[in-house]
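**Q** So the chains spell out like this:
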Amino acid sequence: MDAIFLQILNGLDKGGAYALIALGLTIIFGTLGVVNFAHGALFMLGAFCAVTIQSIMTLESVTIDPTKLTAWGTPSEIRVPYIESWFGEFGTTLIDYSVPVSILVAIPVMLLIGIIMERGLIRYFYKRPHADQILVTFGLAIVLQEIIKSIYGANPIPQPAPEIATGMIDFGITIGFEAGNVVYPAWRLIYFLFSLVVIAAVFLFLQFTTFGMVVRAGMADRETVGLLGIDIDKRFTIVFGMAAVVAGLAGVMYTPILSPDYHMGMDFLVLSFVVVVVGGMGSLGGAVAAGFLLGILQSFASMNEVKNILPGIDQIIIYLIAVVVLLVRPRGLMGRKGVMED
Amino acid sequence: MSKFNISRRGLIKGTAALGAGIAAPTVFSSDVWAAGYTNEPKGSTVTFGFNVPQSGAYADEGADELRAYELAVEHLNGGGDGGMLNTFSSKALTGDGVNGKKVIFVTGDTQTKSDAARASAKRMIEKEGAVMITGGSSSGVAIAVQGLCQEAGVIFMAGLTHSNDTTGKDKRANGFRHFFNTEMTGAALGPVLKNAFGSDRTAYHLTADYTWGWSQEGSIKKYTEKAGWKTAAAVRTPLGAGDFSQYITPVLNSGADVLVLNHYGRDMVNSLTQAVQFGLRDKQVNGKDFAIVVPLYSRLMAQGAGENVKGIFGSTNWHWSLQDEGSKAFVKSFGQKYGFPPSQAAHTTYCQAILYADACQRAGTFMPSGVGAALEGFKFDGMGNGPTEYRAEDHQCFKDVLVVKGKENPSSKFDVLEVVEVTPRSQVEYPASLLGGELGPYNNGG
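Just so you know, the sequences run in chain order A and B. Residue numbers are given in this note's numbering: position 234 of the first sequence equals residue 234, and the series is strictly consecutive. Residue numbers are given in this note's numbering: position 288 of the second sequence equals residue 630, and the series is strictly consecutive.
Hints are computed from structural coordinates only; laboratory data are not their basis. Cβ coordinates follow ideal geometry from the N, Cα and C atoms, glycine included.
Cβ-Cβ distance ranges computed for the label pairs, FRET-style:
1) GLY706/B <-> ILE64/A: 43 to 53 Å
2) SER775/B <-> ILE64/A: 54 to 64 Å
3) GLU735/B <-> TYR319/A: 40 to 50 Å
4) ALA461/B <-> LEU112/A: 39 to 49 Å
5) SER754/B <-> GLU89/A: 18 to 28 Å
6) LYS433/B <-> PRO66/A: 31 to 41 Å
7) ILE64/A <-> ASN751/B: 21 to 31 Å
8) LYS630/B <-> THR174/A: 24 to 34 Å
Okay, the calculated bits of chain A under chain B, using three or more residues with CB under 8 Å as the criterion:
9) 59 to 72
10) 253 to 259
Given only the sequences and the hints, what does the whole structure look like? Please build it.
**A** Quick look at the structure:
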């Protein structure tokens with residue numbers, strides 16, 4: 001039983017990442033009608049915002065120590081981060097909190113990247129077939145990941161969570177098990193809660209602000225909203241930027257869980273598309289529900305008890321669910337009638 | 343009147359012959375076969391082909407291999423400080439190239455994909471005249487390229503490949519490996535693990551689901567079970583899984599007190615980082631401290647895992663902190679040229695380039711069978727691993743194996759591993775028949 005509870009927790013934090021990426025994908029598809037294969041790259045760029053901030057915060061002063069030589073015979077270097085020499089203990093604390101600090105930086109950066117992407121490239125493909133959109137955004141994703149690789153290399157770069165959030169939380173006694181039987185890393189729980197907050201913020205924004213109302217109206221009937229004298233294109237550009245921010249934030253917060261490398265966006269992209277399809281193209285609620293559902297099912301499929309009966313099921317479960325859902329309910333779990341059905 | 347009879351047997355024979363002709367690799371019909379042996383150097387230069395991952399997940403390792411190869415070529419042609427040529431026991435090479443020819447090189451990108459690696463090796467052989475192919479950071483790639491080199495009639499000096507199969511069931515006469523393998527890792531690591539953690543232990547394996555992972559899991563199980571350990575479970579994980587949490591949580595309450603991560607590269611960085619996040623390094627099971635083992639370490643990758651490697655046992659082919667004359671000479675030479683110490687990938691590829699050149703010089707030819715004969719049974723020293731032998735039966739180098747541990751107090755970002763034991767060659771040696779396979783005859787091409 002404790003194993004089941006642990007796998008549910010696993011599914012929730014994994015599902016949180018799926019849901020955040022799928023939410024952004026769905027917003028873009030729902031507003032602009034664009035199938036954005038570069039969305040995984042936005043997740044990756046968010047993660048590299050954290051890497052960049054950490055690199056800046058750990059910029060070091062280098063002093064040569066001629067009395068000590070390296071193994072290859074050159075004088076050794078003494079390196080101290082500037083921020084530590086300037087601010088002492090507070091500087092050390094700032095470095096420790098580099099991931100949360102990165103969130104503040106990632107919001108404007110990702111918004112800007114999203115807007116540039118939409119204005120500079122995506123808008124030229126609004127009226128082109130979905131196949132063209134997929135090709136150009138997939139190409140863009142490859143370009144972005146190669147740029148990141150040329151700057152940061154191919155190896156994963158570790159991003160530690162703040163010291164205070166690196167421990168484990170023991171649920172054992174709280175839920176009726178022995179102490180120590182259900183323990184889970186604190187940062188993963190924080191990630192799950194963070195994803196809930198971001199998802200709620202996006203829903204509230206779209207539901208209860210004038211901007212959100214116009215966007216929803218535009219999603220339902222873009223032409224009529226345009227005829228009412230509202231510059232819907234401008235709003236949709238901002239929505240694209242918002243979706244980029246959501247993906248970017250998901251990436252920043254995921255860095256202590258998965259050391260970022262240039263390829264991490266691609267790893268999530270395909271799964272997130274499956275999440276969108278299962279949830280229903282264009283359905284925000286569907287994307288979120290399917291994200292968590294598939295995350296949990298994937299975790300259960302990885303249990304030894306399940307794998308012993310169905311070897312390899314952990315690698316295909318998500319696609320299997322997608323096939324079943326599409327056969328039984330082609331528009332997805334919460335898909336709107338008529339979307340992608342022509 | 344002549345009659346053109348087509349019998350059923352004749353038709354089958356003819357079709358088979360035509361099919362074989364079409365299916366045969368184009369290398370058999372190209373100009374490279376026109377000489378006495380494939381790409382026999384005619385001018386004043388000889389071309390080596392360096393086939394390394396220049397893109398993809400192992401690009402950083404590939405870049406280090408390429409640096410080492412460039413350094414080796416520089417030393418072979420008499421440039422730089424000579425590096426390990428000064429400490430190498432064979433004195434055949436004098437810094438004026440090989441067999442009087444200046445060494446030049448061409449490069450290919452394996453992308454860590456077997457088909458891409460074969461394509462780039464084929465290009466270097468067919469179009470650019472490479473007389474030898476070397477490099478790589480994956481066993482799958484090494485086995486694929488080794489097969490191609492055997493067909494093409496050139497020597498293959500494998501780079502970083504750790505699976506038993508490279509010099510086991512998939513060995514070829516034209517292929518040679520300096521790097522160690524999973525059998526040696528198991529033989530070296532098993533007794534050290536027993537000494538460190540006792541014999542009453544239960545291991546849980548997470549294994550990358552491909553040839554190297556299976557090979558590594560098998561070897562570690564064999565030697566830890568010999569030491570009295572039990573195996574709770576051996577779970578296969580998909581290559582590049584990213585998040586391993588769903589495979590790690592079952593370990594928590596499995597009763598196992600050791601987690602063996604048969605992962606390499608990104609998978610190793612991620613699974614180790616996540617295992618530590620789940621508190622496994624600080625956990626106690628059955629009154630014993632939980633232990634994590636990473637059988638194959640790479641210093642480049644260990645840097646990616648950051649502080650999580652501290653205290654974690656593993657093995658490595660070579661480490662820059664070794665204090666023998668060969669290692670010191672190589673570290674000095676490499677460090678002064680590039681500003682940082684070489685990785686084990688750089689070391690093994692540098693050695694392979696020098697060993698090949700030395701064999702050509704001693705044989706007085708670049709012909710694969712001649713070079714192979716010079717390498718077979720060749721005993722040498724001064725290359726950083728102590729006395730070493732290229733065993734004739736399987737073309738595998740036998741030398742001491744390093745058991746390492748993540749360093750508790752690193753002095754720099756390169757100083758992540760410490761050598762805890764140098765396991766002598768005698769302890770890791772095994773009969774060539776153990777891993778199966780047949781070398782077969784040399785192919786000189788031509």
